[in-house]
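Colleague: Take a look at the letters that make up each chain.
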Amino acid sequence: MKLTLHIWRQANSTAPGRMVKYEVDDVSEHMSFLEMLDVLNEKLTLKGEDPIAFDSDCREGICGTCGFMVNGVAHGPLPKTTVCQLHMRHFKDGDVLYLEPWRTRAFPVIKDLAVDRSALDRIVAAGGFVSIDTGAAPDANAIPVPKERAEISMDAAACIGCGACAAMCPNGSASLFTGAKITHLGVLPQGQPERNERALRMVAQATEEGLSYCSNHGECEAVCPKGITLEVIARMNRHYIKAEWVDRGQPAE
Amino acid sequence: MSAIAINRTTFFCRTPVAKKVVMAVTGVILFGYLIGHLAGNLLIYSGNPAAINRYAELLHASPPMLWTARIVLLVAVILHIIAAAQLWLLKRRARPVGYCRKEETGSNYASRTMIWSGPIIALFVIFHVLHLTAGKIVPLAMAGHEPDVYHSVIDGFRVPMISAFYILAMVLLCLHLYHGLWSMFQSVGVSHPRYTPLLKRFAATFAFILAIGFISIPVSVMIGIIR
Ligand code: HEM
Ligand code: FES
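As they're listed, the protein sequences go chains A and B.
Numbering that gives the first Met the number 0 puts the first residue of the first sequence at 0, with every later residue one more than the last.
Numbering that gives the first Met the number 0 puts the first residue of the second sequence at 0, with every later residue one more than the last.
Everything labelled a hint here was simulated from the structure, so no lab data went into it.
It cannot be assumed that every hint is accurate.
Claimed, not checked - Not the full set, but computed from the structure, chain B residues with beta-carbon under 8 Å of chain A:
#1 19
#2 21
#3 97
#4 98
#5 99
#6 102
#7 103
#8 106
#9 167
#10 190
#11 219
Built from N, CA and C at the ideal position, the CB exists for glycine as well.
Based on the sequences and whatever the hints tell you, model everything.
Modeller: Encoded structure:
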């Protein structure tokens with residue numbers, strides 16, 4: 000099939016960018032979206048042009064490295080699918096596609112479709128951990144975890160940190176991400192000692208990064224490749240509010 | 000950006016999560032008021048002008064109570080507006096470069112227009128107080144020395160432009176509450192796969208009941224059911 004692509008080209012984080020039109024012929028329906036771009040890049044390279052920069056790593060939907068907007072939807076039109084797992088059979092001959100990078104102040108464009116998502120790493124560093132003793136591994140079943148809790152935690156832990164939630168959110172909020180990380184550890188017995196501080200610090204760090212607030216629109220949930228739901232955002236709010244009430248806080252540094 | 004130090008004294012008002020709690024709590028106060036207000040207003044259908052006038056007198060019977068209620072509502076409205084404005088500024092800063100193409104998958108018209116329905120409702124509230132409390136739009140009817148609420152309402156709603164503005168404002172209120180009455184639970188941390196769909200239905204139902212209830216009054220006056 001033949002496609003027309005309008006792709007955001009930007010040489011580096013400070014250069015101005017613009018949409019550039021490309022025609023791609025002979026796209027096979029068996030290709031993944033990224034393979035289709037690889038084919039385009041081969042041609043650009045042969046012509047001596049700068050290939051289109053985009054991030055990817057595993058290409059099997061589990062690492063969270065890939066991601067850009069396809070026709071105004073994060074990761075493209077297929078629900079619960081990363082763009083590396085999106086196949087060209089979901090498009091048809093003659094389609095016109097607009098590819099743009101995640102757009103949020105917190106994710107500056109590095110080049111073309113690649114953005115810097117280290118804001119998400121800093122949110123995790125602010126509180127997305129549990130403290131454990133080093134040394135001999137603890138006995139696997141020493142701490143009982145109720146099944147329901149484990150399920151809630153595992154559902155939240157499915158978050159691959161791709162940033163689609165912040166990219167899609169009309170407000171530019173990464174609450175689905177932060178909520179997933181707070182939920183993942185906060186519902187487990189192992190996560191209790193840091194529970195209050197985790198909620199306070201991760202929410203504060205997200206704010207610091209310029210990620211905005213949740214209006215409960217639900218666009219993040221609609222595009223999350225891992226099917227994480229708004230419930231994690233309510234849980235983040237719950238942990239945060241409780242922490243505000245019960246945590247004495249620390250002396251200012 | 001480095002990891003932040005948590006400063007307790009200013010912390011609560013600084014995070015958006017806390018601001019959304021302010022929005023939700025003030026929203027619930029205003030919602031409670033709306034229910035009471037509609038229930039009182041529906042007395043206009045009792046067929047007896049004295050019924051709603053007696054109700055109005057009862058509300059004014061104790062000035063300390065009246066003013067406490069007014070101040071609580073005013074403070075709620077002001078906090079709601081301040082939080083809305085702060086959040087809106089935050090959101091405006093969050094995406095300096097917009098998309099050429101952006102779909103609105105997952106959100107709905109009501110959720111996206113909160114920032115429009117809200118301020119128009121605020122203007123309406125000012126207009127409404129000028130109209131039926133202060134009598135600055137249409138002179139208030141009097142029954143002897145007492146204000147005659149029943150006939151003041153009828154005099155006002157006989158003016159088509161006034162009725163039209165009331166109806167428009169109530170349609171927007173319906174939209175505001177369609178999203179807000181569900182969203183406020185989420186904001187204070189209440190969500191459950193089983194009950195959240197029910198909460199959404201509750202929000203839609205109450206948004207509808209309130210809007211239809213309020214809108215019915217100008218409509219009834221205009222078509223002559225209440226006269
Ligand atoms: C007075 C003018 C008003 C303005 C400027 C206003 C503005 C807003 C805005 C912008 C939001 C959305 C916040 C967000 O993006 O998450 C909101 C939410 C809400 N509003 Fe209003 N509003 C007004 C009046 C009212 C009234 C009269 C009610 C009465 C019931 C109300 C109830 C709510 C509720 C329940 C929410 C949801 C809060 C949440 O999500 O936690 N608002 N308002
Ligand atoms: S490249 Fe790993 S999720 Fe797409």
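Colleague: If a hint holds in the structure, say so; if it doesn't, say that too.
Modeller: Here's how the hints hold up against the structure:
Given hint, residue 19/B at the interface with chain A, holds; its Cβ is 6 Å from that chain's nearest Cβ, closer than 8 Å. Nearest Cβ of chain A to the Cβ of residue 21/B: about 12 Å, over the 8 Å cut. The hint is violated. Interface hint status for residue 97/B: upheld, as the beta-carbon distance to the closest one in chain A is roughly 7 Å, under 8 Å. With its C-beta approaching chain A no nearer than about 6 Å, residue 98/B sits inside the 8 Å limit, and its interface hint holds.
Interface hint at residue 99/B: satisfied, since its Cβ lies 6 Å from the closest Cβ of chain A, which is below the 8 Å cut-off. Proximity of residue 102/B to chain A holds as hinted, the smallest CB-CB distance being about 4 Å (cut-off 8 Å). With 8 Å as the threshold, the beta carbon of residue 103/B comes within range of chain A, its nearest partner Cβ sitting at about 7 Å, so the hint holds. For residue 106/B, the interface hint holds, since its Cβ comes within 8 Å of a Cβ in chain A; the closest pair sits about 4 Å apart.
For the restraint placing residue 167/B at the interface with chain A, the shortest Cβ-Cβ distance is roughly 23 Å, beyond the 8 Å limit, so the hint is violated. For the restraint placing residue 190/B at the interface with chain A, the shortest Cβ-Cβ distance is roughly 3 Å, inside the 8 Å limit, so the hint holds. Interface restraint check: residue 219/B against chain A, minimum CB-CB distance 35 Å, threshold 8 Å, status violated.
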